[in-house]
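Build the full structure now, drawing on both the sequences and the hints.
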Amino acid sequence: MPDANSLYGPLDPAPDAGWTAAGPRMGFFTDTSVCIGCKACEVACKEWNAVPESGFDLLGMSYDNTGALTANSWRHVAFIEQPVPAGHRTAAFAGDPTGGSAGATSAAVAAGTGSASGTNPGVPPGDADAAARMAGTVPSVAPDGTGTRFLGMPGAAPPGRGTGAETRTDFRWLMMSDVCKHCTHAACLDVCPTGSLFRTEFGTVVVQEDICNGCGYCISACPYGVIDQRKGDGRAWKCTLCYDRLGAGMTPACAQACPTESIQYGPLDELRDRAAQRVATLHERGVPQARLYGHDPTDGVGGDGAFFLLLGEPEVYGLPPDPVVTTRDLPRMWRRAGLAALAMTAAAVAAFVGGSS
Amino acid sequence: MTAGRIPVGERFRGFRARLAADGVFRPQRSSARLGHGPKVGVGPAATAPPADAAGSVGAMGPAGAVGAADAPVVGPPRDAPPVARRRGRGGRGGEELRVPEAEFTSYYGRPILKAPVWRWDIAAYLFTGGLAAGSSLLAAGGQLTGRPALRRAGRVTALGAVTASAYFLINDLGRPARFHHMLRVAKPTSPMSVGTWILTAYGPAAGLAAVAEGAPLLPARGVFSPVRRLLPPAGQVAGLAAAAVAPALATYTGVLLAGTAVPSWHEAYPELPTIFAGSALASGAGVGLLAAPCAQAGPARRMAVAGAALELWGAHSVETRLGLLSEPYRIGTAGRLLRAGRLLTAAGVVGALAGRRSRVLSALSGTALLAASVATRFGIFHGGVASARDPKYTVLPQRERIRRREAGQV
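Protein chains in written order, with our numbering: chain Z, 1 to 357; chain X, 358 to 767.
Treat the hints with care, since some could be wrong.
These stretches of chain Z come out as covered by chain X in the derived footprint (C-beta under 8 Å, 3 or more residues) [claimed, not checked]:
(1) 45-56
(2) 66-78
(3) 105-119
(4) 204-218
(5) 233-247
(6) 310-323
(7) 338-344
Listed next, the stretches of chain Z that the computed footprint assigns to chain X, with coverage defined by at least 3 CB atoms under 8 Å from CB atoms of chain X [as the list claims (entries may be wrong)]:
(8) 222-228
(9) 327-335
So, partial list: chain X residues that the calculated Cβ filter (under 10 Å) puts toward chain Z [to be verified]:
(10) 494
(11) 499
(12) 537
(13) 590
(14) 623
(15) 632
(16) 658
(17) 678
(18) 680
(19) 703
(20) 746
(21) 751
(22) 762
No lab work stands behind these hints, which were simulated from the structure alone. Even for Gly, the Cβ is constructed at its ideal location relative to N, Cα and C.
Following this line, the structure appears as structure tokens:
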């Protein structure tokens, strides 16, 4: 008997999927406040899971040359450069002639770069207009508006020459290692027509590559834009939360490799407690922007198995602010389809029964 | 910054070339252009409009406005005199900046969602699946009311269309040889799985009904004579079975598209099945108008009117009801296709009603209805894909949802 919350609402997914002796639900807590952007997670993931290369290109997106989660990048470290007031602390670049680097123009240029990630849709170019707003979200652009300077590339002359130190902006760098969220209500799993995607005993979501026939439904169903199709191979790929390592009682490769414990692996309940404490600590220490993302079992996807501590709005990191699993509306959708089918039948009957010719 | 540049690697050079081509590798110009504009509400935040933004401030002005001050790669220093900044406000393509209508932030403007990887095959399948369903209904009606021309045309078209559907669906798979993996599960939560089983039920029935039309071609004597005798009744049963499944075949595709995270498809879930039902009826009617003599085509005309009404109502609704998420259906490729579909539908209906006695006019209107169905399907398809590619359709409606929830309106 399926749970009343099988499609939407708080749920323990593994028992709902039929596991009778499932252990605690396992997951990731990614604390971006201690991420140093080293990308060890990306590398460890590729090494362990034998994920193919995802194109070597300079995207101009700060130090992010991966671009997005794709079939060939199961971890993705995002870099965001923002001008922000330093508050009572020492300004980010005090005494440094280079000044801040966050700029609308550099972001806009970066948006136009594509990456041959070897996947579909992979890393398509973004919208320059939207990208340019990245650096302007915090209302502390230098008074004369020079937040819009090009950076992205090292120059022979020191940046800031010609402007002087007084025009510098303060600056912060956000780094975040993104990954598949292993949703409680995973749209990819719900809509998979082959049963290739399945729920593991750890409560995670995994693609069986020997079953997947590359229909692509999961790709458009994912509210986070995680799962992706590998070109040449045709199948959909994503993070497995190292299902093989979990089975052997090991820690997933990315969490194992993370040098700052930004990526923490463990039982989800424990991680949620730890995350709540961490947010409280940060608030206490004067970081009011710290917030959790994906931790709430009552949110649109029933909570994520991989959740985050963010230092800005989710969309700054390329995350949807309020994702909802598409299958929440499935009963209503089928009802509308049924009505339409009835209307169609009625119209056809009327066409033949009514009328004189 | 550029003048004394040391040699760099090949990829790096590629990046610089791209910047130069975009006309942006000019920090000096950028700051001059962006920094001071009084019209830019939030300073540098207000920037280049997407070339295809809705209701875009049309002409961004010719590139000439960029002018001499900007032409050299090594421009004036950042604190350029005001003369440069006015010029910079001119335009060149997507790089010029203006106040955007809707503020939202993003990660380098990249899409949040992965756009559907479905190629045009799936849009074509939406049409052929609907055509098969409409034709089967037409054939069953013809069968039950003694209109052999409608029956024959409907059955043959249904078989052709369902065969094409199978081809499109399998061809679009990343691993076509594994198409049969669809048959290892039946999942009500997966509209594609449900559709697979609908198609599996429908296809053989439609096929048998069409093959039965060939019975008279078999020799009356010899080994084939029992087949010749048995085929027509089998075809009658199969034709009715196909017609019974047809409405499900025509409408499940609406759920197929709506059951995604693609914003303009998902939010259109109340309308999509209706549009597709109408489109299927209209295309089936189109087949009747094309193939049947005027004496038998009466039901096809009425089906055309009913189908067109459903289709037009549904399309109008998705183009207006969804707020921001209606926009992808009004602009760009999708907008053009849906407008063309509307015109062709109207023309087809008018022709169908006016052409009661004219075989030529009926055939023309039938063709128009078929073309309208194609245009509508591709329009809906493209509208959804466009909505997934632009982060604004993901972020803004979700922000609005949060705002309303916080205001206690939900």
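Confirm or reject the coverage of the stretch 310-323 of chain Z by chain X under the rule of 3 or more residues with a beta carbon closer than 8 Å to the chain's beta carbons.
-> Coverage by chain X holds here, the residue count being 10 at a Cβ distance below 8 Å.
How about the stretch 105-119 of chain Z: do at least three of its residues have a C-beta closer than 8 Å to a C-beta of chain X?
-> holds (count 8)
Given coverage of the stretch 222-228 of chain Z by chain X, checked by CB-CB distance under 8 Å (3 or more) | holds (count 7)
Interface hint status, residue 762(X) versus chain Z (Cβ within 10 Å) | holds, 8 Å
Given coverage of the stretch 45-56 of chain Z by chain X, tested with a Cβ cutoff of 8 Å and a minimum of 3 residues = violated (count 1)
Taking the least C-beta to C-beta distance, is residue 623(X) closer than 10 Å to chain Z?
-> holds, 6 Å
Check, residue by residue, whether the stretch 66-78 of chain Z contains three or more positions whose beta-carbon lies closer than 8 Å to a beta-carbon of chain X, and give the verdict.
-> holds (count 3)
Holds or violated: is there a CB of chain Z closer than 10 Å to the CB of residue 751(X)?
-> Since chain Z brings a Cβ to about 6 Å from residue 751(X), closer than 10 Å, the hint holds.
Hey, does the residue 590(X) contact hint survive, CB to chain Z under 10 Å?
-> violated, 21 Å
Is the shortest C-beta separation between residue 537(X) and chain Z less than 10 Å?
-> Constraint on residue 537(X) satisfied, holds at 8 Å.
Evaluation of the interface hint that places residue 746(X) against chain Z, nearest CB under 10 Å = This interface hint holds because 7 Å falls under the 10 Å limit.
Residues of the stretch 338-344 of chain Z with Cβ under 8 Å from chain X, three needed, outcome | Per the Cβ count (7), the hint holds.
Of the numbered hints listed earlier, those contradicted by the structure are 1, 13, 17, 18, 19.
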